[in-house]
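Q: Use the sequences and the hints to build the structure in full.
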Amino acid sequence: MIGQVKKPIEEILEYLDGKKKIVIYGCGGCATVFHTGGEPEVKEMADILTKNGKEVLAAIAPPFGEFTCYAPWSKQRMSNYKNQIKECDAVLMLCCGDGLQVVREYVLENEFGLTKSIYPSTNPIGHMGGGPGLFREKCIQCGECELGKLSGICPMTQCAKGLLNGPCGGTRKDGRCEVNPDSDCAWVSIYKRLKELGELDKMREIMAPKDWSKMQRPRQLEVEPLSLK
Amino acid sequence: MAKSFKEVLKSDKFIITTEIGPVKGTNIQKMNDNIKNLKDKVDALNATDNQSAVMRYPSLGACLLVKEHCGEPIFQITCRDRNRLAIQADLLFAFSRGIENVLCLTGDSLKMGDHPEAKPVYDIDSVQLIQLVHTLNSGKDLSGNNLDGGVDFCIGASATPSADPIEPQLIKYEKKLKAGIDFIQTQAIYDLDELKRFVSYSRNINKSVKILAGIVLLVSAGMAKWMNENIPGIIVPQNLIDEMAEAPKGEGLLKGIEISGNLIRRIKDEAICDGIHIMAIGKEEKVPDILKAAGILEV
Numbered sequence: 196m197i198g199q200v201k202k203p204i205e206e207i208l209e210y211l212d213g214k215k216k217i218v219i220y221g222c223g224g225c226a227t228v229f230h231t232g233g234e235p236e237v238k239e240m241a242d243i244l245t246k247n248g249k250e251v252l253a254a255i256a257p258p259f260g261e262f263t264c265y266a267p268w269s270k271q272r273m274s275n276y277k278n279q280i281k282e283c284d285a286v287l288m289l290c291c292g293d294g295l296q297v298v299r300e301y302v303l304e305n306e307f308g309l310t311k312s313i314y315p316s317t318n319p320i321g322h323m324g325g326g327p328g329l330f331r332e333k334c335i336q337c338g339e340c341e342l343g344k345l346s347g348i349c350p351m352t353q354c355a356k357g358l359l360n361g362p363c364g365g366t367r368k369d370g371r372c373e374v375n376p377d378s379d380c381a382w383v384s385i386y387k388r389l390k391e392l393g394e395l396d397k398m399r400e401i402m403a404p405k406d407w408s409k410m411q412r413p414r415q416l417e418v419e420p421l422s423l424k
Numbered sequence: 018m019a020k021s022f023k024e025v026l027k028s029d030k031f032i033i034t035t036e037i038g039p040v041k042g043t044n045i046q047k048m049n050d051n052i053k054n055l056k057d058k059v060d061a062l063n064a065t066d067n068q069s070a071v072m073r074y075p076s077l078g079a080c081l082l083v084k085e086h087c088g089e090p091i092f093q094i095t096c097r098d099r100n101r102l103a104i105q106a107d108l109l110f111a112f113s114r115g116i117e118n119v120l121c122l123t124g125d126s127l128k129m130g131d132h133p134e135a136k137p138v139y140d141i142d143s144v145q146l147i148q149l150v151h152t153l154n155s156g157k158d159l160s161g162n163n164l165d166g167g168v169d170f171c172i173g174a175s176a177t178p179s180a181d182p183i184e185p186q187l188i189k190y191e192k193k194l195k196a197g198i199d200f201i202q203t204q205a206i207y208d209l210d211e212l213k214r215f216v217s218y219s220r221n222i223n224k225s226v227k228i229l230a231g232i233v234l235l236v237s238a239g240m241a242k243w244m245n246e247n248i249p250g251i252i253v254p255q256n257l258i259d260e261m262a263e264a265p266k267g268e269g270l271l272k273g274i275e276i277s278g279n280l281i282r283r284i285k286d287e288a289i290c291d292g293i294h295i296m297a298i299g300k301e302e303k304v305p306d307i308l309k310a311a312g313i314l315e316v
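Listed in order, the protein sequences are those of chains A and B.
What the first sequence shows, in the numbering used here, is residues 196 to 424, in sequence order.
What the second sequence shows, in the numbering used here, is residues 18 to 316, in sequence order.
Just so you know, the hints here were simulated from the structure itself, not pulled from any lab data.
What you are looking at is a predicted structure, and each value in this text was computed from that prediction instead of being measured.
A couple of the hints might just be wrong.
Claimed, not checked - Covered stretches of chain B (in silico footprint by chain A; criterion: 3 or more residues with CB under 8 Å from a CB of chain A, positions within the stretch not fixed):
1. 116-130
2. 175-182
3. 186-196
Claimed, not checked - Short, incomplete list of chain A residues facing chain B, as computed with Cβ under 7 Å:
4. Pro-404
5. Ser-408
6. Met-410
As the list claims (entries may be wrong) - Partner residues aside, some chain A positions facing chain B, computed with beta carbon under 7 Å:
7. Ile-335
8. Thr-366
9. Arg-367
10. Val-374
11. Trp-382
12. Ile-401
For every residue, glycine included, the Cβ atom is placed at its ideal position computed from N, Cα and C.
A: Written out as structure tokens, the structure reads:
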């Protein structure tokens, strides 16, 4: 999931300065889990904007499970609000940057032929897993997964320096990371697991420099479209 | 420094290195003074690379100053601030200006320094950096292209003999040995039994790599306690902290020089390892006093 936090309301109001009629669009996926763009947050934002003299033409909260970043769903749901979207001065997105850009490009521009001001209301802070309360970044989607050699712990993500060949000199006496004292040193964790699995030899193999070209942005994928029937 | 560091490493001499901490700015007077003062008293001078992630005059520039004074520099290079292209380019430049020794380091985290908002690089790590220097030494770049005019670097790395757990550090060190190094500089070490254990571990794997014990000059009991609490991999034993605390007011530095001198004397007399690397952070002018206290320089 895409971890995200709310932007300060002052920043959002600054974006909307001079825009009167607003459409709010949330997300039934990550933004619902992170309480940045689920039904309660969409409602709350509508109230705040109204109190600040805005006219909220539509406050749309997709149901849980309906990800805004999945274009077919956003197209379908936004089609029900086409008139309000046409009329509005700006669209405020309560979701991550993927959701915002999917709606801007695939829905507003390509589907409706509209060039509209569109603004974010969250700061996305990374792909993360866990829950229901605590989420942690575990994978940087490097395009070349090495977890098979590393006991299922990714140092590209867990190590503050992303080191591939063992710990730096910054492992604290309690086995924690010098940079992030709340986290265990990734390489102490990898060492402990490999030892327990009887696979310490894997840690002795020198890993070659990473092929960062696999992370050359923007990346894209084309797949057989999923049947939603 | 009559001999190149490479030649010193091949000899049986007790090796002595120290380091020059570059200035934040362009006032190179003190660096020049330290270089002039130290270059003939040690076998090589390290130039630190944005040490502690604090932006300063570059290590490469400090190495050039050492060369200008006919000293023998060791170019410290970290993986934190340069990608593989920049590292290779800097190494080519260094060698073309007579800088032939390189110390391959990971680099302290940006979070510890004075530009915590900067983007960290770590395109490669210290083990891969050692391999990269070997690749350049073979006449190729990291993509296999031929170099027009090659390099022949003497390669060093660092190690942390005091850590808990120690095994992950030792496995990393093993990889550095496997990648191929000529010398190792340890993190500051005060417990010589711990140093002996590390040396024995290292020599069991590779007898020829020269081991230089890291000696950090203590200046006060407070500094010793601070390092224990804040610098992973450094353990100052309580008896040394007590010795520092008992020093008369204003004589902490003298006590620190005496402690460093004693450590060096024991390392040399008992032939615990091949030499020492003195880190007198900000007090480089005291290095001759440490060497005198160790009985290496005449008083």
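Q: Going by Cβ atoms only, is Ile-401 of chain A closer than 7 Å to chain B?
A: Interface hint status for Ile-401 of chain A: holds (5 Å vs cutoff 7 Å).
Q: Given a cut of 7 Å on the nearest C-beta pair, is the interface hint for Ser-408 of chain A held or broken against chain B?
A: Violated: closest Cβ of chain B sits about 12 Å from Ser-408 of chain A, beyond 7 Å.
Q: Have a go at the Val-374 of chain A hint: is there a Cβ in chain B nearer than 7 Å to its own Cβ?
A: holds (4 Å)
Q: Given a cut of 7 Å on the nearest C-beta pair, is the interface hint for Thr-366 of chain A held or broken against chain B?
A: OK, holds: Thr-366 of chain A within 7 Å of chain B, min 6 Å.
Q: Count the residues of the stretch 186-196 of chain B whose Cβ falls closer than 8 Å to any Cβ of chain A, and tell me whether that reaches three.
A: n = 7 at 8 Å, threshold three: holds.
Q: Would the hint on Met-410 of chain A be counted as holding, given a Cβ-Cβ threshold of 7 Å to chain B?
A: At 11 Å from the nearest chain B Cβ, Met-410 of chain A fails the 7 Å test, so the hint is violated.
Q: Measuring from the C-beta of Trp-382 of chain A to each C-beta in chain B, is the shortest one below 7 Å?
A: Holds: closest Cβ of chain B sits about 5 Å from Trp-382 of chain A, inside 7 Å.
Q: Double-check Ile-335 of chain A for me: the hint is only fine if its C-beta lies closer than 7 Å to a C-beta in chain B.
A: violated (12 Å)
Q: Residue count check for the stretch 116-130 of chain B against chain A: does it reach three with CB-CB under 8 Å?
A: holds (count 6)
Q: When the nearest CB of chain B is found for Arg-367 of chain A, is that gap smaller than 7 Å?
A: At 5 Å from the nearest chain B Cβ, Arg-367 of chain A passes the 7 Å test, so the hint holds.
Q: Just to make sure I understand the rule, a stretch counts as covered if three or more of its residues have a C-beta closer than 8 Å to a C-beta of the chain. Does the stretch 175-182 of chain B meet that for chain A?
A: Holds, because 5 residues of the stretch 175-182 of chain B bring their Cβ atoms closer than 8 Å to Cβ atoms of chain A.
Q: Return the status of the interface hint for Pro-404 of chain A: holds when the least beta-carbon distance to chain B is below 7 Å, violated otherwise.
A: This interface hint holds because 5 Å falls under the 7 Å limit.
Checked against the numbered hints above, the structure breaks hints 5, 6 and 7 and satisfies the rest.
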